[in-house]
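Student: Dock chain to chain to rebuild the complex, using the hints, since each chain is given by itself in its own frame.
Chains A and B supply the protein sequences, listed in that same order. With my numbering, you'll find the first sequence wraps up at 301, consecutive numbering, no jumps. With my numbering, you'll find the second sequence wraps up at 397, consecutive numbering, no jumps.
The hints are simulated quantities; they were obtained by calculation from the structure and are not laboratory data. We put the beta carbon where it would ideally sit given N, CA and C, even for glycine. Among the clues, some could well be false.
Covered stretches of chain A (chain B as the covering partner; in silico rule of three or more C-beta atoms under 8 Å from a C-beta of chain B) [as the list claims (entries may be wrong)]: (1) 216-227; (2) 232-238; (3) 247-256.
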Amino acid sequence: MQHLVLILDESASSFCVYPNPQRSSELMSYEILKKAISFAQRRNLSLNILAGKTELPQSYLDSIDLISHLYVQDAQLPALTRDDILIVDITDKNDLPPVQGVENIIVRVSPNKISKLSKAVLHYVNDVKRINIHLTDVDLFGKQDFDLYQKELNKLSDIYKKTLNKELNILTDRTVLFDMNNCDAGIQHITLAPNGKLYICPAFYYDNPENTIGHLDDELQIVNKHLFQLDYAPICRQCDAFHCKRCLWLNQKTTGEINTPSHEQCVVSHLERNTSRAMLSYNQVNTNCIPEINYLDPFEK
Amino acid sequence: MNVKEAPEPWLQGTAKSITFIVTKDCQLACKYCYLVGKNIKERMSLEVAQQAIEYIIHERDLFSESSVIFDFIGGEPFLEIELIDKICDYLKIRMYELEHPWFNSYRFNFSTNGLMYDNDKVQQYIKKNLNHLSIGITIDGTQQKHDLQRVYKNGKGSYADVVKQIPLWLEQFPNSGTKVTVGSDDLPYITESVLHLYSLGIKEVNINCVFENVWKDGDDRLLEEQLILLADQIIDRKLYEEYSCSFFSESIGKPMNKIHENQNWCGAGKMLSIDAEGNFYPCTRFAAYSLRAKKPIIIGNIHDGINMNRLRPFLMLDRCTQSRPECIDCEVASGCAWCQGENYDAADTATIYQRSIAICKMHKARVRANNYYWSRLNRIFQKTNQQTKKLEILCNI
Chain A
1 MQHLVLILDE SASSFCVYPN PQRSSELMSY EILKKAISFA QRRNLSLNIL AGKTELPQSY
61 LDSIDLISHL YVQDAQLPAL TRDDILIVDI TDKNDLPPVQ GVENIIVRVS PNKISKLSKA
121 VLHYVNDVKR INIHLTDVDL FGKQDFDLYQ KELNKLSDIY KKTLNKELNI LTDRTVLFDM
181 NNCDAGIQHI TLAPNGKLYI CPAFYYDNPE NTIGHLDDEL QIVNKHLFQL DYAPICRQCD
241 AFHCKRCLWL NQKTTGEINT PSHEQCVVSH LERNTSRAML SYNQVNTNCI PEINYLDPFE
301 K
Chain B
1 MNVKEAPEPW LQGTAKSITF IVTKDCQLAC KYCYLVGKNI KERMSLEVAQ QAIEYIIHER
61 DLFSESSVIF DFIGGEPFLE IELIDKICDY LKIRMYELEH PWFNSYRFNF STNGLMYDND
121 KVQQYIKKNL NHLSIGITID GTQQKHDLQR VYKNGKGSYA DVVKQIPLWL EQFPNSGTKV
181 TVGSDDLPYI TESVLHLYSL GIKEVNINCV FENVWKDGDD RLLEEQLILL ADQIIDRKLY
241 EEYSCSFFSE SIGKPMNKIH ENQNWCGAGK MLSIDAEGNF YPCTRFAAYS LRAKKPIIIG
301 NIHDGINMNR LRPFLMLDRC TQSRPECIDC EVASGCAWCQ GENYDAADTA TIYQRSIAIC
361 KMHKARVRAN NYYWSRLNRI FQKTNQQTKK LEILCNI
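Excised from the complex, chain B in its bound form (with noise of 0.2 Å):
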């Protein structure tokens, strides 16, 4: 079967993650952002990166993977692409100086808006580091699905300006993927607009629907509709062997044994995020900026390094212990993700260990859907097989 499926993360995500927060700001507005409090004051120094790389870089019992990634957000982290060249520059120059195992594995990682892709500084940048570098642009589909959520503060859509950034994008990084936010109000654009970021050659498309409690009654069934007619169209289309979408894989869907598949779903913890105090956290979401209704999680700063007392509970985070019990044993477990700054922020008490189950019915309705396009998939590929059979029998006779 010639099914493309979604290409691993850079090294099977074994890679250390290391987010550097350069800006709360950004030219956006969008609806559904999580960043709760973006403003343009908390902007990162170049003295605080450097002190950050300075611990890190010389923690290497702390930080020992053999590989990194260095993650540059906002709001907008190319709005700062002044100061994240400057941090790369230091980095390079630091890593080669200590022979570091970082400096011949390590990436820059981008997701940005794509507003400012095309300028002069940003392109400079691209091509100074292109080797080390992944940028995602984030579109959300068809103008109408992008626009409903992702506007500028005046409300204008930003549609428009992100599509002309595509093409220079997909000629400098081919393989890239895009990734979509579904909120309540998408549901009825999903198919559409899946099938126009495949039509602008985006070939893989990392969708999801919102972990925060926005769900309406119906909203299930209406994604389960767009997903079974997103599916009939990439496989009467034949799309499924240049296109991937995230909403559809094998391997959701089934239970899941409480010992053996009992791993975390989400890195928190396993990633080190430093915002413009220099403050760390275990990812951004734990952040002030990120967080509705819960206090930050701080796990150290750029002065004191990381209190490990504050990471412990991150890194013993398991499936079972943060999950109910209709979750542990649910017959439709695997692939239901979880977002640990989510659950922290919507739990009733101030606890990582308690798993929000907002996301539990739009759950069911993708696997309902995925099973509808694994089995008519299989069954094409069923009667493929059999007709080669029946053609080699017929050959040999």
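The shape of chain A in the complex, shown without the other chains (with noise of 0.2 Å):
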């Protein structure tokens, strides 16, 4: 376990393929902050912190301040650190926010967005390292959309061909992985909720808060949690996405089992995956570490 993942806000806005929670601003309080410090402080984890719009007090700041962190926010709030990490929606409008001060964003898009994606990308790709991009809805993605999708990140391959040290997680994040890098929730990292409980991931509390996997003051105990590795997931152990998320909301979600991505997932996994690979034999790289596959899921193999 690396991460504690702090939603200090109860409307902070979702950093991954999980809905925008629809909830008003409410700090997690001060007590709670304290004793999660301390639990991370115990288990040698760093904060990620979910930040709301409501202005942190002095003592939130000097508390969070004792222990390794970074936040993760909404872009139209200003970032404190180089290193925190900002969340942009793309949405109707056609403003998209700026992003100076931080090496890192997230960019997250919707299927009926996805036409802008390879713009909204290609705007702010001077401006940062890296772009993590997430879809949302997956689960909604037709043929249409996949489709659309193929030439979006056809753009982005074109983006990227050209541009050196910069990273895209769904493109870039294959060509140097040798095996799966997955999201690892409740591996590598849990939540704490403004409830003082602990769950396996963001979404997992916005979904249902009856979905606790225990108590700061408790023992963890992650039931069955070996269904969360690679070994017991029988499609993923055998698919060569490396850079898949590998959602276990999601999974849950769309197939019933936290072990068993949707078709949706796979597809989409492995449009990215493939246009890495022509990314790669485009720049005359070898393309040994992807090799050339028939399939977009590997459930069909």
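Tutor: This is the structure we're talking about:
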């Protein structure tokens, strides 16, 4: 375990594939925050803090400064340090918020905004070192969405072919990976919600606060935790879309099982994988690390 | 060696199995019944059955098997014999009209409590569909054993009403077997019950311990004792030549290879069950009326079809992924069965990937008795072979 994700504000923007919480702003109590910091310190965890619109009192800031941390927050809010991560949601509006001062941003995009993806990336590519794309509502992807996504991936590939030392999770990660590099929620990180309870990740909390895996005061007990591991995921363990998030929450939501991804998730990851391969090929780099395959879903191998 | 083995299922299990849950009502209230939500309200309508049939016979990619078994279950299916007759007629007509390959390779299958077997409408149905029909009547053994579990809602035993149906059933389906379920209270009656069923003319007894966690301390020893007694009886009376009992099998009780013997035991997900609402399930055991502690797993319905994402976890199930290390490495793993629905119902989280081990000690007891049975039988046949050889040598001299 490396990180404790702290939902410091109920209304903190989603930084991943789960929907933006429709909740009013409410800070985690100072008592719980102090306990959380102590919990993390005892386990040598760093904090990834999901901040919201409410300005943090000085006492909160001072306490948080006692431990290794970074803030993840909406791009509308000002970053505090270069290590912070800003979140951009692609919306119907044409204006994209500025993201100066950070190296790493998250861009969230839903199926009906896919056609805006490459423009958004082009907008930010020179400002930051790394862009993490998160597709929301992957389970709603249909054939047309896949086709459109492939077109956008091709445009993104054109951008990154010519750009050195820049990272785009969905294209460049796979080119340097030799084994699975997934989200690893519940293994590498767990989440603390404002109610003082622990969760596998924020998605499980926002989906249903009853999904708790324990309390700060208790020993952590994740039942059937082995099912989070690759060895117990029959589709994923034979897959080489190594950059795939392998989102446990999305798995559970779409297939009913935490260890089984949906068809749509697999296709999206393989479109990305294959575009990564094409990008390597264009740059005349050996493509042995991403062999040619004739499927988009390992389930259909 | 002339030992009768249980016959293979029709087409060796390669046919598609489609189950219509026609009613959730039953005349009986068997104490071991896993159907916890039986009721008189949920009866399938012909319209729902027809919509299900239309979906199934038009989805050739999803239902690509060359043969099909249509199961009718309840509750007690014969309570809905008129509906079933109409469903079967509709099936036959539609398969014929569409020149569906199943028209030449289908069966209708029933597991019944037998109480309505000689009912006129049931008999008419049987005569009409005899060449495409399998019917199993459940009778648990002696009256004492049967009435211990299989009782009417008022608590009265059903043995007397079932046993009188057996002769007609065996006349119409001479090679039929019966299914016997064993719970903790039934253990002392196993030997006499199997022998009793043989004496009724039932030559195939498919018997198993329930998968639920009902087993008490000492139950494994009791099972072993009973099976050894049964083994002695079967061998001493040479019953093995004509009768089979599924407790004894040469293939059980051996370690299993992690790669080559990794297939799932249970067929959940490869079959399809449809309930009165028109919902689809990977097996009847995932319908609400079968589950004690979990939500049903619905994989689609007659309007929207099958949600393949919901089916993926079932089709990817294998033995090792759902088993604990001690089960994977077990020295007597082969033949240790599981029910996916019970696994799900008993699991610590809502998963089908946690195998229940409630049956572990009972399986091990079965294996010990099974080893006794086969070693006794093999010794007898070795002796017979040696005597035959000696005789041949003497004759040659």
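Student: Count the residues of the segment 247-256 of chain A whose Cβ falls closer than 8 Å to any Cβ of chain B, and tell me whether that reaches three.
Tutor: holds (count 3)
Student: Three residues or more, CB to CB closer than 8 Å: is that satisfied between the segment 216-227 of chain A and chain B?
Tutor: Satisfied; 3 residues make the cut.
Student: Apply the coverage criterion to the segment 232-238 of chain A and chain B: a residue qualifies when its Cβ sits closer than 8 Å to a Cβ of the chain, and three qualifying residues are needed.
Tutor: holds (count 3)
Of the numbered hints stated above, none is contradicted by the structure.
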